[in-house]
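Residue numbers 222 to 313, in the numbering used here, belong to the letters of the sequence shown in order.
A couple of the hints might just be wrong.
[To be verified] When the alpha-carbon atoms are kept at most 20 Å apart in a straight line, the in silico DMTMM-like pairs for lysine to aspartate or glutamate are as follows: (1) Lys267 with Glu296; (2) Lys247 with Glu233; (3) Lys287 with Glu233; (4) Lys284 with Glu233; (5) Lys255 with Asp242; (6) Lys267 with Asp242; (7) Lys267 with Glu236.
I should point out that these hints are in silico values taken from the structure, not numbers from a laboratory. Everything numeric in this text was worked out from a predicted model, so none of it was measured.
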Amino acid sequence: MGNIMSSSFAPECTELKQVYDECFNKWYSEEFLKGRGENERNPCLKQWQLYSQCVALHITKDKDLKESLDQARLEAPFESGGELINNKDNKK
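Using the sequences and the accompanying hints, generate a full structural model.
The following block contains the structure:
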């Protein structure tokens, strides 16, 4: 059976997601799992950035989703260098 990738939540971003997934899966299976490429620059960074920018754009268009994500970030902020980020005043 072939490698089936999931679609992006934003249909407009699915092609970018597929390009990123293909790059990542190739790197992961052909380099990382074989013990190579661990210290190299991420070869899929550009594809990830394009996909994540597309997702960010479409999140802002979905008001309910954006509000849900903003609330989740307040309840469980992301970490930066192992320290929680305080979203209210952008201090760690």
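Comparing the hints with the structure gives:
For the suggested pair Lys267 and Glu296, the alpha carbons sit about 30 Å apart, so the restraint of at most 20 Å is broken. Our distance criterion of 20 Å between C-alpha atoms is broken by Lys247 and Glu233, whose separation comes to about 23 Å. For the hint linking Lys287 to Glu233, the alpha-carbon distance of about 17 Å falls within 20 Å, and the restraint holds. Simply put, Lys284 and Glu233 have alpha-carbon atoms about 17 Å apart, close enough for the 20 Å limit, and the pair holds.
The straight-line distance between the Cα atoms of Lys255 and Asp242 is roughly 19 Å, inside the 20 Å bound, and the hint therefore holds. Restraint check: the Cα-Cα separation between Lys267 and Asp242 comes to about 12 Å, which is no more than 20 Å; the hinted pair holds. The straight-line distance between the Cα atoms of Lys267 and Glu236 is roughly 14 Å, inside the 20 Å bound, and the hint therefore holds.
In this structure, the hints that do not hold are numbers 1 and 2, in rising order.
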